[in-house]
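K.L.:
Residue numbers (my numbering), protein chains in the order written: chain R, 1 to 200; chain V, 1 to 152.
Among the hints, erroneous ones may be present.
Unchecked claim - Simulated coverage check for chain R against chain V, where a stretch passes if three residues somewhere in it have a Cβ under 8 Å from a Cβ of chain V:
#1 14-28
#2 45-54
#3 72-82
#4 100-112
#5 184-193
No lab work stands behind these hints, which were simulated from the structure alone. Where a beta carbon is used, it is the ideal one built from N, C-alpha and C, also for glycine.
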Amino acid sequence: MSGVDPNARINLSKANVLLVDGSQHSLDMLVQIMKGFGAAEVHRAQGVGETERLLKSKSFDLIVIDPNLADGDGYALVRDLRHSTNGSPNAFIPVILVSGHARASDVAKARDTGANYFVAKPITPNVLLQRIMFVSRDKRPFVEVGAYVGPDRRFKFEGPPPGSDGRRNNDLKSPLGTADEPNMSQNEIDMMIKPQRVLL
Amino acid sequence: MSVVVRKFEPDAKLKKMLDQPGGVTAEQALARAKQGLESIREDCLGATDEKVASLQALAGGNELTRGAKMYRLSNEVFAEAGAFGLGELSAVAHSLCSLLAAHEGSMPPRAAVAVHVEAMRALRRPELAGDKTARMAVLQGLRGVVQKFTAP
């Protein structure tokens with residue numbers, strides 16, 4: 001169960017979740033997963049029109065959507081939702097995009113929708129639960145800049161999560177071990193903090 | 001030219017909800033979700049077989065919009081077979097999606113499409129269900145054929 005603490009508690013017993021997918025069977029799978037997580041109410045939609053109607057009539061706590069819908073563009077639907085700031089209760093709720101095979105153009109569209117996270121299919125309960133927990137704890141502010149409304153897309157890299165070795169080649173391993181270079185002098189440290197000072 | 005940026009913090013309703021006392025542990029949530037998925041396994045895999053049959057019918061036809069329809073169906077097979085652990089079938093469907101996406105607006109060579117559909121059908125044969133080596137051989141064979149079609 002990598003990535004999720006098995007003892008972490010989640011309470012979705014009051015959550016109203018909207019699941020959107022063009023495939024009935026993919027929707028069935030998402031419903032089973034969300035019910036397994038204990039979601040109180042699970043609404044499903046297979047098309048843009050149906051989704052828009054639900055978004056206008058109900059207040060949701062989370063949307064999980066595959067934007068490749070048969071009757072329209074699900075990416076535009078999410079983007080429009082983020083712009084629906086005229087009192088819509090759903091404008092800024094967490095949105096997780098799920099997608100199967102994605103064309104290069106779809107990746108750019110996904111980035112610009114204002115969704116909180118992107119999950120690649122095939123969906124597994126582990127990954128979906130992990131992403132729901134990420135989304136709920138996400139501290140990024142929302143930004144409105146130009147045509148974009150959504151979570152700030154700039155991530156501050158703070159190293160790999162505690163207890164993991166990281167995935168990047170240049171991630172520092174823990175424990176760091178002994179230094180292989182001499183310690184910096186106080187002057188050198190001061191120079192880094194106050195670069196206007198000059199060593200003579 | 002300056003760009004106006006508005007920053008704001010939406011109400012963290014989901015976080016407050018998740019952190020409420022009660023609920024279940026992640027372990028319990030995952031076990032229940034997996035149990036739920038198992039309960040619809042046969043139904044979903046039956047639908048996957050129907051989608052493969054539809055792909056076969058479309059591959060042999062001349063319908064103008066068949067490329068888009070095949071892409072959608074193949075994408076569904078990729079996602080649904082993969083979620084139920086049919087990794088090789090999922091990989092073949094993904095390969096077909098890539099092929100169709102590379103020929104968006106037209107159709108890839110018929111033979112290239114047909115070999116994918118045949119590979120999917122082969123992988124759903126009951127005698128291959130418990131034979132990982134044979135399934136990998138089908139996948140390996142398909143990769144060889146795809147390389148021939150995509151070679152410059």
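K.L.:
Would you mind marking each hint as holding or not holding in the structure?
P.N.:
Hint check results:
1. Under the rule that three or more residues need a Cβ within less than 8 Å of chain V, the assignment of the region 14-28 of chain R holds, with 8 such residues.
2. For the region 45-54 of chain R, the proposed coverage by chain V is not satisfied: 0 residues have a C-beta within less than 8 Å of a C-beta in that chain, short of the threshold of three.
3. Coverage of a stretch by a chain is defined here by at least three residues with a beta carbon nearer than 8 Å to that chain's beta carbons; for the region 72-82 of chain R and chain V the count is 0, and the condition is violated.
4. Counting residues of the region 100-112 of chain R whose CB falls under 8 Å from any CB of chain V gives 3; the rule of at least 3 is met.
5. A stretch counts as covered by a chain when three or more of its residues have a beta carbon under 8 Å from one of that chain; for the region 184-193 of chain R and chain V the count is 0, and the coverage is violated.
In this structure, the earlier hints numbered 2, 3, 5 are contradicted, and the remaining ones agree with it.
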